[in-house]
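Protein chains in written order, with the working numbering: chain A, 1 to 247; chain B, 1001 to 1167.
Do not take every clue at face value.
[To be verified] If you only want the chain A side, here are some residues facing chain B, beta carbon under 7 Å, derived:
1. Ser208
2. Arg212
3. Leu213
4. Arg215
5. Ala220
6. Ala223
7. Thr225
8. Leu227
Hints listed in this document are in silico derivations from the structure and should not be mistaken for laboratory results.
Every residue, glycine too, gets a C-beta built ideally from N, C-alpha and C.
Chain by chain, the residues:
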Amino acid sequence: MSAVVEARGLVRRYLADGSSIRAVDGVDLVVEAGETVSVMGPSGCGKSTLLHLLGGLERPDAGELRLGGRRVDGFSETAWAVFRRRNVGFVFQAFHLVDELTAVENVELPALLLGVSRRAARRRAMDLLERLAVAGRAGQLPDRLSGGERQRVAVARALVNEPLVVLADEPTGNLDSRATGEILKLFAELRQAGQALLIVTHDARVASTADRLLRMRDGAIVAQTRLGSGASAAGILAGLADLGGEG
Amino acid sequence: MSLLAKEPAHGYELRQRLGTALGPAGGALNPGQVYVTLSRLERAGLVRAVEVAQPSHPDKKVYELTAPGRERVEQWLADVTWSKVAPVEFHLKLVIAAATGLADPVALVDTQRLELLRQLHQLQELAVAEPADSDGVLLLEGASLRLQADIRWLEACERRWVERGSP
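All chains should be modelled from the sequences, with the hints used to inform the complete structure.
Structure representation (structure tokens):
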């Protein structure tokens, strides 16, 4: 496996009430190709700032960042914009769809910006909407879509340029339990398809779908674990099947 | 025992009914447990075994509920006792860890949370693997929601013990 994201000693400071606060305080993080990593932590722990740093929406005050093996922390604003369009997909809690564009137009936009032909962009966008089971809504404006549909359109848009990594910030924060389940199923499929994914969330159900889970506090990673698969599920099942009394 | 309330059944049939109801959780059930429970219930007078003659096979033993047994099932259905309401033991661990300095309560919370998240991860994998119409999925969802509630409680524990200052 190769590292898609490689961060070393990332620091991001903010000025608050005249004193400097380290929102991200020396984070080392590697995300391999095809790996899903989730980041949890109390609000204000720096998890969203970390995601912004990894996607170039904010600049680190110290540290190194490589995406797809390329050193990006010294990039100019313009260089970042170009690199990001091609290599980073974002999914946000508030969807951030363009209200005046239909679902399929929202999805194809990043491809058109990258210089893909109209026909090819439309084909890619429709393929993705098909995969995410929202193709039937392709011609609708975002305000005609349910929350779950909007987020699926947003995920399609994040994937349209086949990015190195998808960065998702509270992707299910505005969704009900059922729509959350749909998005989680979708993430599981992306994971199987080998898409690297980093999810920042406070929702345990979302976080626990990952391969690896990081816990942040005060800008630092304080604990991490590999979630592994089914092998030790037997213990949980035994607990569920322990009927105890004569019920 | 409640599975007998529908109709008398053979031990093997009971195991099958239980397996269907529990889904993947039924796989972890020790087959002997059903028979041990049945003989315990028989001694308590809540079920009785009846030998049924079969034309082409040896007699089989069929279990049925007695009147007190049926009453007991009705009580059980109406009982609102909910197991594992508060993780008292873990709470005490935190208090004791802080008081004695033997461990950092916040670190205990971190470790415990990762363990619960690992369990949640496995439950979700099992739920995804089950057919959507399986009764067992509902049980997995119950277990998963309960774990999520425990994890939220751990968040509250974390806030409290971080405020108090860890060593």
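**Asked** For the hint on Thr225 (chain A), does the least C-beta distance to chain B fall short of 7 Å?
**Response** Check passed: Cβ of Thr225 (chain A) comes within 4 Å of chain B, closer than 7 Å.
**Request:** Answer holds if the nearest beta-carbon of chain B is closer than 7 Å to that of Arg215 (chain A); otherwise answer violated.
**Result:** Holds, about 6 Å.
**Message:** Quick check on the hint: Ser208 (chain A) CB to chain B CB, less than 7 Å?
**Reply:** holds, 4 Å
**Prompt:** Does Ala220 (chain A) pass the interface hint, meaning its C-beta sits closer than 7 Å to a C-beta of chain B?
**Reply:** violated, 12 Å
**Request:** Classify the hint on Arg212 (chain A) as holds or violated, based on whether any CB of chain B lies nearer than 7 Å to its CB.
**Result:** Since the shortest Cβ distance to chain B is 10 Å, the answer is violated.
**Message:** Next item in the hint list is Ala223 (chain A). Is there a CB on chain B closer than 7 Å to its CB?
**Reply:** Status holds, d = 4 Å.
**Prompt:** Quick one, is the Leu213 (chain A) hint okay against chain B at 7 Å, beta carbons?
**Reply:** holds, 6 Å
**Asked** How about Leu227 (chain A): closest beta carbon in chain B under 7 Å, or not?
**Response** holds, 4 Å
Against the hints set out earlier in the document, violations occur for numbers 2 and 5.
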